[in-house]
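*Asks:* The lines below spell out each chain.
Number of protein chains: 2
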Amino acid sequence: MTATFEQLALHQRACRRFDPSGAVPDADIEKILTIAVHAPSAENSQPWEFVVVRSPDTRHAFAAINAARWRNGGAALIQRAVTPATFEDMQDGIAQGGLESAPVVIVVCLASDRIDEQWGASSIYPATQNLLLAAASLGYGTCLTTGLTQRSRDQVRGLLRLPAAIQPIAGVFLGRPARKLGPPKRQPAREHSHREFFGQPW
Amino acid sequence: MTATFEQLALHQRACRRFDPSGAVPDADIEKILTIAVHAPSAENSQPWEFVVVRSPDTRHAFAAINAARWRNGGAALIQRAVTPATFEDMQDGIAQGGLESAPVVIVVCLASDRIDEQWGASSIYPATQNLLLAAASLGYGTCLTTGLTQRSRDQVRGLLRLPAAIQPIAGVFLGRPARKLGPPKRQPAREHSHREFFGQPW
Numbered sequence: 062m063t064a065t066f067e068q069l070a071l072h073q074r075a076c077r078r079f080d081p082s083g084a085v086p087d088a089d090i091e092k093i094l095t096i097a098v099h100a101p102s103a104e105n106s107q108p109w110e111f112v113v114v115r116s117p118d119t120r121h122a123f124a125a126i127n128a129a130r131w132r133n134g135g136a137a138l139i140q141r142a143v144t145p146a147t148f149e150d151m152q153d154g155i156a157q158g159g160l161e162s163a164p165v166v167i168v169v170c171l172a173s174d175r176i177d178e179q180w181g182a183s184s185i186y187p188a189t190q191n192l193l194l195a196a197a198s199l200g201y202g203t204c205l206t207t208g209l210t211q212r213s214r215d216q217v218r219g220l221l222r223l224p225a226a227i228q229p230i231a232g233v234f235l236g237r238p239a240r241k242l243g244p245p246k247r248q249p250a251r252e253h254s255h256r257e258f259f260g261q262p263w
Numbered sequence: 062m063t064a065t066f067e068q069l070a071l072h073q074r075a076c077r078r079f080d081p082s083g084a085v086p087d088a089d090i091e092k093i094l095t096i097a098v099h100a101p102s103a104e105n106s107q108p109w110e111f112v113v114v115r116s117p118d119t120r121h122a123f124a125a126i127n128a129a130r131w132r133n134g135g136a137a138l139i140q141r142a143v144t145p146a147t148f149e150d151m152q153d154g155i156a157q158g159g160l161e162s163a164p165v166v167i168v169v170c171l172a173s174d175r176i177d178e179q180w181g182a183s184s185i186y187p188a189t190q191n192l193l194l195a196a197a198s199l200g201y202g203t204c205l206t207t208g209l210t211q212r213s214r215d216q217v218r219g220l221l222r223l224p225a226a227i228q229p230i231a232g233v234f235l236g237r238p239a240r241k242l243g244p245p246k247r248q249p250a251r252e253h254s255h256r257e258f259f260g261q262p263w
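Protein sequence lines, in the order shown, are assigned to chains A and B.
For our numbering, count along the first sequence from 1 and bump the result up by 61.
For our numbering, count along the second sequence from 1 and bump the result up by 61.
Some hints could be false.
Identical copies carry no separate label here, and so any pair may be met within one copy or between two of them.
As a list, the in silico EDC-like pairs of lysine to aspartate or glutamate whose alpha-carbon atoms are at most 16 Å apart [unchecked claim]: (1) Lys-92 - Glu-178; (2) Lys-241 - Asp-80; (3) Lys-241 - Asp-118; (4) Lys-92 - Glu-67; (5) Lys-246 - Asp-150; (6) Lys-241 - Asp-150; (7) Lys-246 - Glu-104; (8) Lys-92 - Glu-252.
The hints are simulated quantities; they were obtained by calculation from the structure and are not laboratory data.
Given the sequences, and given the hints that come with them, work out the whole structure.
*Replies:* Okay, structure coming up:
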């Protein structure tokens, strides 16, 4: 973990196909989750729970859920919203086994008995971003997904035996990238920055 | 920005009182926002807009809104949820001018015409966490707040002249810390980690 934060953050991007021979030792997962739990949360409630899935059966079930959603309207919706290159990458990941090739899926959950749900997202996604950056700092690729947990919540709940108070929020696919990833494509910050009030250019 | 990511992430914590003599040059804000926009977002929609507030009038208005919410029930609710030390720090920040001493407030907004609102939180808070880490890497303290933007949305909308499609999501107070900050207090990740399914200990 010697890369500077700036190097890491400027190169982070989604990885949707993984090297099947790449191992993810428990020790790395522990480092990653330790960094995740240092994120801020509302009232320092730390309302996160992490379910680390390696089981091929569960990972296959996740893939089947995602692929079904893709076939049943998901692909068409997304094709209208993204570039052709992103669509192809998403299709490879969701419908052609790319995400299923990740040896680990970390499902980040909200313990809604520790903080009111209205403050849940602001307490879970900063930790999730820490998790993604920590994984990148160890050379792993990740893909942050929310469709699995938000659109197929009951199925995920069943597979992971989540109690009623535990809400699945995000599924992070994690492993060694199958191929070198290009740089992330982002619009310059300046185009989305305003001085004092909206519409006054930076 | 030479600190390793690990050093930064493990020491990040809320700062609620700032050095009034500490300047925040535009160039630093540009670096911080450039890192913010490299976070992931749903369908790479990049639905963020950043309003950078330096105006003393607007900052004072934010402080007044926060202080009123604190007096009108907020303090009592929070006192039941947090440790005495955190309560004192929050009271100093919210009701006694600590947060108002921040020379900059960055209001992070969601452009709900670029992504459906159900995917908004997962597209805004990773960028917000990047923003907090980037600020820390330059030596700034920050405090991520959501009460201002979620509980007083219409007032914030008016002050920042936000169009209907632009939703204020988070207010980040930013400046040089008034005093050296102690380490963040976090429960070990292991206590919130599960193997394969919820309840099976890591």
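*Asks:* A separate judgement is required for each hint: does it hold in the structure or not?
*Replies:* These are the hints, each one checked on the structure:
For the identical chains of this complex, Lys-92 and Glu-178 are neighbours neither inside a copy (27 Å) nor across copies (33 Å), given an alpha-carbon limit of 16 Å. In this homomeric assembly, Lys-241 and Asp-80 come within 16 Å of each other (Cα to Cα) only inside a single copy, at 11 Å, whereas the closest approach across copies is 44 Å. Taking the closest pair of Cα atoms, Lys-241 and Asp-118 never come within 16 Å of each other, the shortest separation being 28 Å inside a single copy and 49 Å across copies. Only between protomers do Lys-92 and Glu-67 lie at most 16 Å apart by alpha-carbon distance; the minimum there is 9 Å, versus 19 Å within a single protomer.
Taking the shortest Cα distances, Lys-246 and Asp-150 sit within 16 Å of each other inside one copy (14 Å), while across copies they are farther apart (40 Å). Taking identical chains as interchangeable, the C-alpha atoms of Lys-241 and Asp-150 lie at most 16 Å apart only when both belong to the same chain, with a minimum of 13 Å there against 45 Å between chains. With identical chains, the CA atoms of Lys-246 and Glu-104 are at most 16 Å apart between copies only, with a shortest distance of 12 Å across copies and 34 Å within one. Taking the shortest Cα distances, Lys-92 and Glu-252 sit within 16 Å of each other only across copies (14 Å), while inside one copy they are farther apart (36 Å).
Violated hints, in rising order: 1, 3; the structure is consistent with all others.
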